[in-house]
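Enquirer: Reading the sequence shown from the start, the letters are residues 1 to 321 in the numbering used here.
Mixed in with the good hints there might be a few duds.
Unchecked claim - DEER-style ranges, computed between Cβ atoms: (1) P202 x F301: 36 to 44 Å; (2) W297 x T181: 22 to 30 Å; (3) T116 x A61: 27 to 35 Å.
These are calculated hints, taken from the structure and not from any lab test.
We put the beta carbon where it would ideally sit given N, CA and C, even for glycine.
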Amino acid sequence: MDDGEPTRVSPRRLVWNDAERRLRAPFRLVATLVVVVFISLVIGVGITISFSDVVETSVLARVFVSVVLTGATGIGGYVAARYVDRRTISDLGFGIDRDWLTDLVFGLVLGGALMTGIFLVGLATEWLVVDEVGFGIDRLAGAAALFVFFISVGLAEELLLRGVVLTDIAEGMRWRFDVRTAILVALVASSALFGLAHLQNPNSSVASTLSITFAGVMLGFGYVLTGNLAIPVGIHISWNFVQGGVYGFAVSGLDFGTSLVETTEQGPDIVTGGAFGPEAGLFGVGAMVAGMAVIAWYVQFRYGTLRLDPSVTIPELRWRK
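Using the sequences and the hints given, assemble the complete structure.
Expert: The structure is reproduced here in structure tokens:
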């Protein structure tokens with residue numbers, strides 16, 4: 001072979017990483033999508049048919065169906081992560097120990113505090129009116145059901161969007177860019193997918209999609225600084241629950257019809273978010289900026305350093321041999 005002859009790369013090596021014994025990042029992402037869609041459809045069709053008679057008349061039935069459907073997405077993400085990505089559970093951001101649980105509690109407190117801040121600012125500006133407050137058995141049962149639902153949402157979406165997608169993109173970029181750039185590109189790209197995934201929600205718009213994308217940056221921020229999903233999972237759960245189950249706001253365009261506090265927003269949609277909920281307005285964006293600042297402070301205070309965690313780009317794989 002002449003020295004000037006270009007090196008040929010076999011099609012197999014373009015698709016398959018021999019060193020890691022798995023598909024390369026772009027193909028892993030496609031395979032993950034296929035697995036998630038397939039499992040979601042199989043479980044979704046079954047549960048929808050089974051509860052078709054009661055789902056329109058019962059809030060609890062709607063929430064139960066939603067929990068199962070969301071759980072199916074999470075199951076699909078886990079199956080893909082384990083058998084397509086070949087990841088360990090800790091490499092998905094769920095290396096659960098005392099530090100992880102402490103970070104989870106911090107995330108839960110922060111998410112609820114941020115949404116409460118939105119509520120209080122809305123009251124102070126008179127762009128939000130409280131119509132009714134109630135703690136009857138029906139409201140409490142509805143709130144409990146929503147809490148379970150939002151736990152499933154927080155776990156499933158964080159596992160899939162941050163634990164799998166963000167990590168895969170970061171790993172795929174590390175051969176070309178430095179660790180910092182690879183992580184930042186992955187953070188932005190996965191957040192954009194997060195925003196686009198909510199485009200199908202009721203009352204969505206370009207503004208809501210951009211705001212949800214920024215919410216993805218806030219959630220991913222906690223992951224790329226710590227290398228685990230405890231903070232984003234905690235924020236995701238409590239933000240949604242306090243938003244919909246406590247204060248009665250729409251949650252990404254979804255109105256669940258039950259909350260401890262009934263409210264009416266009467267300010268400009270660009271500020272309050274309108275029918276999509278606070279996430280689509282300046283109230284929500286302001287809370288996200290504040291959230292990122294508090295996350296940065298917490299990580300610096302707790303871990304003594306503030307940097308992008310390089311472990312996000314380094315796979316911890318099963319079956320290394």
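Enquirer: So, for every hint listed, does it hold in this structure?
Expert: Now the hints, each set against the structure:
Separated by about 40 Å at the C-beta atoms, P202 and F301 satisfy the suggested range of 36 to 44 Å. For the hinted restraint 22 to 30 Å between W297 and T181, the CB-CB distance of approximately 25 Å keeps it satisfied. For the pair T116 and A61, the beta carbons lie near 29 Å from each other, so the given range of 27 to 35 Å is met.
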